[in-house]
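J.: For reference, the chains in residue letters:
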Amino acid sequence: MTDQTLAYSPLLDTNRVRLKWVAAALVALGTVYLLPDVLSNYWLRTFISSTALAIGSLSVSLLFAQLGMVSLAQFALLGVGGWFALRISHGFGVPFEVALLTGGIAAAAFGLIVGLPALRMRGLYLAIITLMMAGAIQVLISAFGFPDGGTGMLGKSTGARIMMARPYLAQTDEAYFRYAMVVLAMCYGVVFVHMRGRPGRAWAMIRRSEVCALSGGVHIVAYKVWAFTLSGFLAGIAGGLLAGGVGQLDGSAFPASQSIMLFALTIVGGAFSWIGPIIAGLMLRAFPALLNDFHVDGNIATIVFGAGLLHALMTAPRGIAGQIQDAAGAFRKRFVR
Amino acid sequence: MPDFTPFLVSGLATAATYVLSAVGIVVLYRASGVVNFSQGALGALAAFVSWSIVEHGGPEPVAWCAGVFVSTALAFLYGRALAPRLAFSDPVMRAVATLSVALILLGFMGYVWGELPRRLRLPTDTMSFELIGVRVTATRAVAFALAVLATVAVMVFLARSRLGLQMRALANNRDLSALLGVRVLRADGYAWVISGGLAGVSGILLADLQRLSGQTLTFAVIPAISAAVIGRFSSLPATVAGGVAIGACEALLTPVPVVGPFRTAVPFVFAVAALLWMQRRFSFVYR
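As given, the protein sequences belong to chains A and B, one line each in that order. For the record, in the first sequence the residue sitting at position 2 is 2 according to our numbering, with numbers rising by one throughout. Heads up, our numbering is the position in the second sequence plus 337, with the first residue counted as 1.
Among the hints, erroneous ones may be present.
Taking CB as the label site, the calculated pair distances span [said to hold, decoys possible]:
| # | chain 1 | residue 1 | chain 2 | residue 2 | range |
| --- | --- | --- | --- | --- | --- |
| 1 | A | Leu154 | B | Arg548 | 25 to 33 angstroms |
| 2 | A | Val182 | B | Met492 | 58 to 66 angstroms |
| 3 | B | Asp427 | A | Asp37 | 43 to 51 angstroms |
| 4 | B | Leu516 | A | Ala185 | 51 to 59 angstroms |
| 5 | B | Gly518 | A | Val211 | 51 to 59 angstroms |
| 6 | B | Ser572 | A | Ile275 | 40 to 48 angstroms |
| 7 | A | Gly217 | B | Asp512 | 31 to 39 angstroms |
| 8 | B | Cys586 | A | Arg332 | 40 to 48 angstroms |
According to the in silico footprint, chain B covers these stretches of chain A (three or more CB under 8 angstroms from chain B) [as the list claims (entries may be wrong)]:
| # | segment |
| --- | --- |
| 9 | 83-90 |
| 10 | 131-141 |
| 11 | 251-257 |
| 12 | 324-334 |
Note that these hints are calculated values from the structure, not bench results. Just so you know, even glycine gets a beta-carbon here, dropped at the ideal spot from N, CA and C.
Using the sequences plus the hints, can you model the full thing?
T.: Laid out in structure tokens, this is it:
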């Protein structure tokens, strides 16, 4: 009897997995095709920002879930990426994709240089250094401002502000939303490839025990640095995407508190699940927009997020995504054989 | 060459508020192992409460006391009710939990008081005296004196009193101290009270010296944490030196043309330099 169930179970498993993936793909396609058409202009812009911030949150969750590293500077790195993307786009008139990649690489380099001293120390120091980094970048950004089509190193124009050129394929808001979702999917792809491959195994080993990893021949510093660079790159991409969505960036929109909020919401959303960053992106932009619709003060959102973080840390370490998965598991146990 | 003396005087006063806050952070970390990122937010709340009471015609001394009391009580409540639930998780997670307190307070202050440009006025602002050719307002002198007083008091308290001994024991080894009969929660509670009180005093002074804004005061925790990093979260004299150096450098850079706008990046530079100095010998910290 037991042999039979053993023989049958893999077949059943692959069946279910296939169905699940087909359903997920259908939902994704439906979202990409239908959602932009039914949304109002305001909500379309909100969802574009949410998509960009989901990538930002993915960069936080990559560090946190894979290595247990707490980076409180990811939103500031978003600003760095946005700055370089805008600068390149206005300065050389390059295609959007090139500007996006430049922003990503610049943010990765920036994060790497500043995070390097802390990467060799315990997690607490990384958290502290990155919080200060967020403060320092906030100062830089508010001193320099974002490029808006002017001349010179900083690209500040004195007259009218010029919008960032959007990708050739996505000039309208609807098309840009679809474009942003495709970029989000590609970012997920990059992260999943890493998790399935050699870096993912190394990260898992480091997370379990640094001594073990060291004796297993894993270059701890190199893999930590790689994770940090990759996450900086993702944050930069998110910044470029945000800049393209709005057309310009506001120098006052990157305070250190936003970086804290991004980290908090990644934990609340669920850093250990793929759906967590999407929830975090939605909460970061769509939730305040919803409150705005009901004429509720945006500060209430901050209070809710703070309380949510406290709750997540104490009772639900896997966040909302974990709770959804638990609920789905319970549902399946009850109704699906 | 601009005259740096007035900037030095104002810098030392700001530095004093950083020192007050940083001493609170170090004491708390030594006793309970929590890095309190909400130190600045607690100070901001104290400042706002004082401001409100004065606005509504309350007597000023009562207002200050109420402000410090609110921040102390809140710190104590968090330390007693919520922090123990995280006692067995990572130091990072315990620090991150205080970030959520900072977020809640930030949202609350934004909701109730908003981000209007304000300043908390202390009566000592109008009193002043001359010192080496510079006019020093009494507020600055008071800030400086309070920082010196608080540091000395905390050091004597840790070195001489029984509770201080227990706190040092906890800093050394929590499990062993608990085994030897140190009442962990009680010592923790006192550490939270000290740290909350210092946060309140520092916040009220900073709201007078700079401005009364939730964001600014909440993130005044950055220089304070930086000073604590310089003191490696254990040495009070090094923390004080770090706080003074950061405050003085920030102020002295104000009149310098090119780097002036970037002076608020000073804490970051100091902390990175301190970290590099600490790890000059290669060593892994195993967990």
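J.: Hints first: check each against the structure and report whether it holds.
T.: These are the hints, each one checked on the structure:
no.: 1; hint: A/Leu154 to B/Arg548: 25 to 33 angstroms; verdict: holds, 27 angstroms
no.: 2; hint: A/Val182 to B/Met492: 58 to 66 angstroms; verdict: holds, 60 angstroms
no.: 3; hint: B/Asp427 to A/Asp37: 43 to 51 angstroms; verdict: holds, 46 angstroms
no.: 4; hint: B/Leu516 to A/Ala185: 51 to 59 angstroms; verdict: holds, 54 angstroms
no.: 5; hint: B/Gly518 to A/Val211: 51 to 59 angstroms; verdict: violated, 34 angstroms
no.: 6; hint: B/Ser572 to A/Ile275: 40 to 48 angstroms; verdict: holds, 45 angstroms
no.: 7; hint: A/Gly217 to B/Asp512: 31 to 39 angstroms; verdict: holds, 34 angstroms
no.: 8; hint: B/Cys586 to A/Arg332: 40 to 48 angstroms; verdict: violated, 60 angstroms
no.: 9; hint: 83-90; verdict: violated (count 0)
no.: 10; hint: 131-141; verdict: holds (count 7)
no.: 11; hint: 251-257; verdict: holds (count 3)
no.: 12; hint: 324-334; verdict: violated (count 0)
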